[in-house]
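Trainee: Build out the structure end to end from the sequences listed, making use of the hints.
Here the protein sequences line up with chains A and B, keeping their order. Everything in the first sequence is counted per my numbering, starting at 1 for the first residue and increasing by one. Everything in the second sequence is counted per my numbering, starting at 1 for the first residue and increasing by one.
Among these hints, one or two may not hold up.
[Claimed, not checked] Label-pair ranges, simulated between beta-carbon atoms:
| no. | chain 1 | residue 1 | chain 2 | residue 2 | range |
| --- | --- | --- | --- | --- | --- |
| 1 | B | GLN39 | A | ASP41 | 39 to 47 angstroms |
| 2 | B | ALA42 | A | VAL19 | 16 to 24 angstroms |
| 3 | A | LEU23 | B | ARG234 | 33 to 41 angstroms |
| 4 | A | ASP41 | B | MET192 | 43 to 51 angstroms |
| 5 | B | LEU136 | A | VAL16 | 22 to 30 angstroms |
| 6 | B | MET24 | A | LEU31 | 14 to 22 angstroms |
| 7 | B | GLN143 | A | LEU31 | 16 to 24 angstroms |
| 8 | B | VAL130 | A | VAL16 | 23 to 31 angstroms |
| 9 | A | VAL16 | B | ARG234 | 44 to 52 angstroms |
| 10 | A | PRO9 | B | ILE157 | 42 to 50 angstroms |
| 11 | A | VAL19 | B | TYR177 | 29 to 37 angstroms |
| 12 | B | PRO16 | A | ALA27 | 18 to 26 angstroms |
| 13 | A | LEU23 | B | ILE139 | 18 to 26 angstroms |
| 14 | B | GLN181 | A | ARG38 | 44 to 52 angstroms |
[What the hints assert, rightly or not] To give an idea of the chain B side of the interface with chain A (calculated C-beta under 10 angstroms), a few residues:
| no. | residue |
| --- | --- |
| 15 | VAL94 |
| 16 | PHE98 |
| 17 | ALA114 |
Bear in mind the hints are in silico, worked out from the structure with no lab data behind them. Don't be surprised by glycine CBs; every beta carbon is placed ideally from N, CA and C.
Next come the chains, spelled out residue by residue.
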Amino acid sequence: MREGLDHWPFVLAAYVLGVVGTLALLAWSWLAMRRAERRRDGADR
Amino acid sequence: MHGFANPARFLRVARPLTPWLLGMGLAITGGALWWGLTQVPAERLQGDSVRILFLHVPAAWLGMGGWMVIAGVSLAEIVWRHPLAAIAGRAAAVPGAFFAALCLATGSLWGRPAWGTWWIWDGRLTSMLVLLFLYLGYIALAQATAREGASSRIPAIFGLVGVINVPVIHYSVLWWYSIHQPPSLTTGGSAMAPAFLYPLLIATLGFSCLFGAAVLMRMRALLAEAQAEARLRRRAREGA
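Mentor: Next up, the structure:
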């Protein structure tokens with residue numbers, strides 16, 4: 001461990017990156033799925 | 001696996017499974033990250049930076065696991081010509097690439113306070129970076145072959161060849177001198193204290209559920225796009 005270096009900014013940056021990135025991946029996947037399924041259902045009519 | 005060769009049968013399972021995996025994954029991952037951030041004690045040598053473990057290790061496992069999924073479905077594509085294999089491979093590539101990138105980013109954020117450097121060209125870090133590049137190559141190749149109507153066996157061969165990098169990542173810390181620590185969890189047991197091990201296993205379970213949910217959503221999107229294209233083409237033929 002490096003003395004004198006506050007670890008919390010690194011920890012918080014990693015958590016923000018992980019949480020925001022994962023939520024963005026899920027939201028993008030969800031929206032793409034809904035859009036594609038609406039387009040398929042619309043192609044039936 | 002061949003039972004899911006029929007897209008309608010696959011959708012009957014995937015539709016109810018998607019919200020379950022998503023809900024369970026969000027709850028379990030949220031709980032595990034809160035546990036890791038607020039309840040786990042600082043480690044004797046690494047201090048508070050050890051809390052990055054609960055993001056970094058699941059991201060590394062899912063980054064490698066994502067490519068194992070690609071390799072498995074690539075084999076199914078080449079050997080059995082499974083109709084959903086190409087879609088499953090494309091669906092797993094983006095979440096896999098995301099977790100490989102997250103592993104590299106969180107590793108860099110962990111390396112700065114723990115090792116005094118953001119990056120070093122050693123075997124573990126470099127082979128993980130190669131995995132990210134393989135994902136980007138696979139995504140580009142799979143999209144190009146789908147767009148041009150070329151054979152989906154081309155990205156499948158790439159997926160099978162690329163799997164050679166996964167054992168290289170795993171054994172890199174044993175084969176070469178590395179600043180990265182050797183595996184703490186093996187089939188023989190754990191060198192990790194229970195205070196760190198349990199939240200790590202729970203975080204891995206939660207992230208795995210989210211990975212599964214993302215793959216199912218991507219598969220449903222790709223399948224719906226293919227079905228919409230087919231229906232529009234059929235209507236155009238009927239109208240001509």
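Trainee: So, for every hint listed, does it hold in this structure?
Mentor: Going down the list of hints, with the structure as the test:
At about 46 angstroms, the CB distance of GLN39/B to ASP41/A agrees with the hint of 39 to 47 angstroms. Checked against the hint of 16 to 24 angstroms, the pair ALA42/B and VAL19/A passes, with Cβ atoms roughly 21 angstroms apart. Here the CB-CB span from LEU23/A to ARG234/B is close to 38 angstroms, well matched to the stated 33 to 41 angstroms. Checking the proposed 43 to 51 angstroms range against ASP41/A and MET192/B shows it holds: the Cβ atoms sit about 49 angstroms from each other.
Checking the proposed 22 to 30 angstroms range against LEU136/B and VAL16/A shows it holds: the Cβ atoms sit about 24 angstroms from each other. Remark: the range hint 14 to 22 angstroms for MET24/B to LEU31/A is upheld by a beta-carbon distance near 21 angstroms. Taking the beta carbon of each, GLN143/B and LEU31/A are about 18 angstroms apart, inside 16 to 24 angstroms as hinted. Look at VAL130/B against VAL16/A: about 27 angstroms separates their beta carbons, and that is inside 23 to 31 angstroms.
The hinted range of 44 to 52 angstroms is satisfied by VAL16/A and ARG234/B, whose Cβ atoms lie roughly 47 angstroms apart. Taken as a hint, the range 42 to 50 angstroms holds for the pair PRO9/A and ILE157/B, whose Cβ atoms sit roughly 44 angstroms apart. At about 34 angstroms, the beta-carbon gap between VAL19/A and TYR177/B stays in the expected band of 29 to 37 angstroms. The hint said 18 to 26 angstroms for the Cβ distance between PRO16/B and ALA27/A, and at roughly 20 angstroms that hint holds.
Remark: the range hint 18 to 26 angstroms for LEU23/A to ILE139/B is upheld by a beta-carbon distance near 21 angstroms. For GLN181/B and ARG38/A, the Cβ-Cβ distance of about 48 angstroms falls inside the hinted range of 44 to 52 angstroms, so the restraint holds. Because the smallest distance between the Cβ of VAL94/B and any Cβ of chain A comes to about 8 angstroms, under 10 angstroms, the interface hint for this residue holds. For PHE98/B, the suggested interface contact is upheld, since its CB lies about 5 angstroms from the closest CB of chain A, less than 10 angstroms.
Hint status for ALA114/B: holds, given a least beta-carbon distance of 7 angstroms to chain A, under 10 angstroms.
When each numbered hint is compared with the structure, no violation occurs for any of them.
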